[in-house]
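Peer 1: Sequence:
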Amino acid sequence: LSQSSEWVTDELLSKIQGDPILARGLSDPRFSQAMAEVQKDPQGAMDKYKEDAQLQLFLVRFMQLMGSHFSDMGAKQGKAPGPAK
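Counting from 13, one number per residue, gives the positions in the sequence shown under this note's numbering.
Don't read these hints as lab results, they were simulated from the structure. None of these values were measured; they are calculated from a predicted model. Note that beta-carbon positions come from the ideal geometry of N, C-alpha and C, so glycine has one too. Keep in mind that a hint or two might mislead.
[Said to hold, decoys possible] Okay, derived cross-link-like pairs now, EDC-like style, lysine to aspartate or glutamate, Cα gap no bigger than 20 Å in a straight line:
hint: 1; residue 1: Lys88; residue 2: Asp40
hint: 2; residue 1: Lys62; residue 2: Asp40
hint: 3; residue 1: Lys60; residue 2: Asp40
hint: 4; residue 1: Lys62; residue 2: Glu49
hint: 5; residue 1: Lys60; residue 2: Glu18
[To be verified] Now the in silico label distances, taken between C-beta atoms and shown as ranges:
hint: 6; residue 1: Glu23; residue 2: Asp59; range: 28 to 38 Å
hint: 7; residue 1: Ile33; residue 2: Ser83; range: 17 to 27 Å
hint: 8; residue 1: Gly86; residue 2: Glu63; range: 33 to 43 Å
hint: 9; residue 1: Lys88; residue 2: Glu63; range: 36 to 46 Å
Produce the entire structure from the sequences given, and follow the hints as far as they go.
Peer 2: Below you can see the structure in the form of structure tokens.
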């Protein structure tokens, strides 16, 4: 899953497109850079951008969306039938 894009669902893309803050942020190179920094050093990035209210709002909203998205995916996988024995 980490090397594939199967987690990028139509539902996720629709939610991003339907949220003006996320849609605008994902098209802004400055926000993309901040997201890359969050992946490498979450606390350091949050400290670095703590005074940027727009970026903080974007990061929090994005993390909330991704958290609920992966939780939903996990729940759906848990309900899916397993391989036949």
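Peer 1: Next, verify each hint and record whether it holds.
Peer 2: Cross-check of the supplied hints:
no. : hint                      : verdict
1   : Lys88 x Asp40             : violated, 32 Å
2   : Lys62 x Asp40             : holds, 18 Å
3   : Lys60 x Asp40             : holds, 18 Å
4   : Lys62 x Glu49             : holds, 13 Å
5   : Lys60 x Glu18             : violated, 32 Å
6   : Glu23 x Asp59: 28 to 38 Å : holds, 33 Å
7   : Ile33 x Ser83: 17 to 27 Å : holds, 21 Å
8   : Gly86 x Glu63: 33 to 43 Å : holds, 35 Å
9   : Lys88 x Glu63: 36 to 46 Å : holds, 39 Å
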